[in-house]
Amino acid sequence: MHDDRSLVEGRVRRVLTHRIRPAVHSHRVPMTLSAWLVPDEPVPAADAVAALARGEFGEFAVGTSWGRPWSTTWLRARAEVPAEWAGRRVEAHFDLGFVGDWPGNQAEALVHTLDGIPVKGVAPDNQVVPVVRDAQGGETVDWLLEMAANPDVMADDMRPTALGDKATAGDAHLYTLKVADLVVLDEEVWMLAVDVEVLDDLMRHLPEHDPRRYEITRALDRALDALDLDDVSGTASAARAELAGALSSPAVRSAHTLSSVGHAHIDSAWLWPLRETMRKTSRTFANVTALAEEYPEFVFACSQAQQYAWVKERSPEVYARMQAAARAGQWVPVGGMWVEADGNLPGGEALVRQFLTGKSFFREEFGVDCTGVWLPDSFGYSGAYPQIARLAGMDWFLTQKISWNQTNKFPHHTFRWEGIDGSQIFTHFPPVDTYNAIFSAEELTHAVENYSEKGRGTRSLAPFGHGDGGGGPTREMLERARRFADLEGAPKVVVQDPNRFFADARAEYPDAPVWAGELYLELHRATYTSQARTKSGNRRSEHLLREAELWATTAALNAPSYAYPHAELDRLWKTVLLHQFHDILPGSSIAWVHREAEATYAQVRADLEALIAAAVAALGTGARVLLNTAPHERTEVVEGRLVRVPASGAVALDAAGAEAGTGVVVATGNGSTTLANGTLTVVVDADGLLSSVVDEVHDREVLAPGTRGNLLQLHSDFPNSWDAWDVDQHYRHRVVDLVAAEEVSVVEDGPLRAVVRVVRSFRASRVVQDYVLTAGSDRLDVRTEIDWHEQDKFLKAAFPLDLHAAVSSSEIQFGHVQRPTHTNTSWDHARFETAMHRWVHVAEPGYGVAVVNDATYGHDTTRAAREDDGGSTTTVRLSLVRGPQMPDPQADQGRHVLTYSLVPGAGIAEAVRTGYDLNLPLRVVDGPAEPPAPPVTVTGAGATLEAVKLAEDGSGDVVVRIYEAWGARAKGLLRSSSAIREATVVDLLEEPAREGTAAARGVASLLEDGTVGFVLRPFEVLSLRLARA
1 MHDDRSLVEG RVRRVLTHRI RPAVHSHRVP MTLSAWLVPD EPVPAADAVA
51 ALARGEFGEF AVGTSWGRPW STTWLRARAE VPAEWAGRRV EAHFDLGFVG
101 DWPGNQAEAL VHTLDGIPVK GVAPDNQVVP VVRDAQGGET VDWLLEMAAN
151 PDVMADDMRP TALGDKATAG DAHLYTLKVA DLVVLDEEVW MLAVDVEVLD
201 DLMRHLPEHD PRRYEITRAL DRALDALDLD DVSGTASAAR AELAGALSSP
251 AVRSAHTLSS VGHAHIDSAW LWPLRETMRK TSRTFANVTA LAEEYPEFVF
301 ACSQAQQYAW VKERSPEVYA RMQAAARAGQ WVPVGGMWVE ADGNLPGGEA
351 LVRQFLTGKS FFREEFGVDC TGVWLPDSFG YSGAYPQIAR LAGMDWFLTQ
401 KISWNQTNKF PHHTFRWEGI DGSQIFTHFP PVDTYNAIFS AEELTHAVEN
451 YSEKGRGTRS LAPFGHGDGG GGPTREMLER ARRFADLEGA PKVVVQDPNR
501 FFADARAEYP DAPVWAGELY LELHRATYTS QARTKSGNRR SEHLLREAEL
551 WATTAALNAP SYAYPHAELD RLWKTVLLHQ FHDILPGSSI AWVHREAEAT
601 YAQVRADLEA LIAAAVAALG TGARVLLNTA PHERTEVVEG RLVRVPASGA
651 VALDAAGAEA GTGVVVATGN GSTTLANGTL TVVVDADGLL SSVVDEVHDR
701 EVLAPGTRGN LLQLHSDFPN SWDAWDVDQH YRHRVVDLVA AEEVSVVEDG
751 PLRAVVRVVR SFRASRVVQD YVLTAGSDRL DVRTEIDWHE QDKFLKAAFP
801 LDLHAAVSSS EIQFGHVQRP THTNTSWDHA RFETAMHRWV HVAEPGYGVA
851 VVNDATYGHD TTRAAREDDG GSTTTVRLSL VRGPQMPDPQ ADQGRHVLTY
901 SLVPGAGIAE AVRTGYDLNL PLRVVDGPAE PPAPPVTVTG AGATLEAVKL
951 AEDGSGDVVV RIYEAWGARA KGLLRSSSAI REATVVDLLE EPAREGTAAA
1001 RGVASLLEDG TVGFVLRPFE VLSLRLARA
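With the first letter of the sequence shown counted as 1, position 672 gets the number 672 in the working numbering; the numbers rise by one all the way through.
Simulated from the structure, these hints should not be mistaken for laboratory data. Because the structure is a prediction, the values reported are computed rather than measured. Just to be clear, a hint being listed does not mean it is correct.
Straight-line Cα separation of at most 27 Å, DSSO-like style, residue types lysine-lysine; simulated pairs [unchecked claim]:
id	residue 1	residue 2
1	K409	K454
2	K574	K312
3	K178	K166
4	K166	K574
5	K492	K454
6	K409	K492
Full structure from sequences and hints, please.
Take a look at the structure:
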């Protein structure tokens, strides 16, 4: 026989496109339309119903343009089912003017009844709404569609656009209504369309000479022969009969099992503002619950408790359907977090609260204890995650984002991930390499070919459904899943609960390999720096929450009339947790999102300051009092005097005197200014750069020979794509050292503090920096204010140090991670920009230096040999600010304020201490002349007090979180200002550690003297619940 396969393949595609699919809806009648443009922001359905009653809906028709960017139009659509449609399946078909098939990033709608009850969402790949399965004829359809004119911010190939903010997006209509019809669904034709799509798709992805490919080709050819193109409806059954054999041929015995679960990854904000996500969740979850009623095998996994809370408040009818689906086993809450947070930047305590609030919500609302972390889309994952997750009662971890690596392919899909403390969590990367699968043959084939555990494991997970902007699974996806359940040439597709998949995967692969340390994403490295004010707001909010809880606990234990502000703290924590979502905190959202985030952080700060003030006021007034929220005693200069303040405590300013020791001496000459305090001697040259930093304690110059410190370097920064997300390695090829200074002057001259101010202007920007050295201090602060007006630029501050540091140690949640300073391997080379929290430390045996900051996260550390003297220069560079233009064309423009510090002679202990000091400045307040003792103090080398709060259950118990910060074993004592009746090791949900869980590994006991003794492994996190006597 002649090979006519290409002809058959072409025939299949044309007939499918031009004959079968158009015949799926066999009859249609137009609906009668009217519309109301909402004047400003979206309104509840009740307001639309009221506007309808007031006669505010005007005439509207198919072909009418609509939708200023970000506006809302309510469309009334009415029709009567024709009598001749009796016995037929009737739907409504709406095309809002969709462009392409990217759902969630363009127009969307939610259909409501005239009572305001949500029915179903409408999107590009989900345009129909069921009316009646078996029509009688004469039924009335009368609906209200809330149409959202969301712009496609990414439409112009990543070019800057003003569409990302309602204030700049303009008034031009974006869409034209194309279709609003009542239609008949010809179910047999629809089934034929799915049959042909599945077999044609599979055939094209089989090997060229696979007999199965030929078999399918011949079956499709016979089916089209049986189909009368002039009577598709009447001959669809005959065509389907020709395909039955090809569709019933079972998968081979060794076929891979693709455990599939419905999913709708909804970014809580990204290319749309938070308010739009609130509507997206209602649209998507209405779709999902409708699908669950139609397909009993359908299982849907959904994370992010915050989104559930939005739907509960805004669409209680949809929420009730979600709960019913969960009771039926079709809706599975997963993740256990308030939102799908960024994987690198949130603080340790913030991640604890993500799990505490998320898991508590799912328990209370759904009776479910989530046991798996669901983070498919965050931009890398800190090595602290395994321990935090396990302490929260999580048994498994899922992501697929590491498949986006630019340089190295990750070696495993199923493995045990080991954190910095040694904790391990069973982890899976779906080899389908997407969390938005649609059951295409290309996806299924890729999943099987890509799976790295062949011969060891037989199954992988595939989340399916439209995501990012929501939408979720469609009925077409589930029909394809049914056909792929047991089909020769494809993996076996089974739709199931992800918890079942992880149980089966763990059982068949008990000796899965171990990956130790962070899951570094070799992409999106600029998310450590973009939108610096958002990042600074997060950092400040996390530390203010720590302060508020400590002082509220102090007041609750000492002021009988004071009521601990549980509800207010819960609200503020949830606000901060929401903004740690993986497109808000990383700085990769539109202008609208970051404008609102900055305003929100300002309000959070004001509210927390008010809580702190109220707690302190409850303790008494009448004296100037110093508050120290840091977990250690500290000595600093405050209001012109040197003071000593106890750990986590307070002292009257007049009683806080410390020995002054050596003051600060300032000397000028030869164009330089020298600051010295007996610990450090710092020389600022005529250019305002550090020409010398001498550690007097160790008699050592810190800066590398021939270099200058705090050198601001301006790079050209134009990545190949993903402006706000990416910094590509070629950014280093173009750099301008900002040397020239407008002003170098002494603005404060001892005796306890000296300040040298340096002013620089470059291009359209200006930087004012104050070098600050105080009496007795081992650090040089660089207070920095940047008036930034650059785009496609990257500003760094460089410290070239005279050190041969093999690794850098960067603070992460509850510890630190070490990264090599060399580039021996492609994995090392790819880490050219990395994340830290408050500090980075570099050292050679016997000596180290820390660079500490209060606002930023991105940095790089490199090492170079010096030919002249044979030494090594280790350079630490802080990433200060960028100027990406997409998706926010004005990102980072304006004022930025931060402080960073150079700490010569520092070990890890000093880096940890300085990180707390810089981020938790001493407070001077009006308080009692004799402040109460700290509620809790902790002693023991490396043992660090991270949180002090009252228990969430309102019992009055004190919850304390301690961790080992240095990477060594520690023994410690906890002392309480109140007598302790019982000290219990608890998990992160503040419940007694159950035997066999990670939390039960904690070791602590109440001693006879009323203290609590404890033992910590390196980087271990220990949570204690203290019941007062």
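Given pair status - K574, K166, alpha carbons within 27 Å: 26 Å, holds
Given the hinted pair K409 and K492, is their Cα-Cα distance within 27 Å? The hint holds at about 26 Å.
For a C-alpha distance cap of 27 Å, please report whether K492 and K454 respect it. 15 Å, holds
What's the verdict on K178 and K166, does the C-alpha distance respect the 27 Å limit or exceed it? Given that 27 Å is the threshold and the Cα spacing comes to 25 Å, the pair holds.
Hint consistency between K574 and K312 [alpha-carbon to alpha-carbon, up to 27 Å]: 16 Å, holds
Starting from K409, check that the Cα of K454 is at most 27 Å away, please. 16 Å, holds
Violated hints for the displayed structure: none, as all numbered hints are satisfied.
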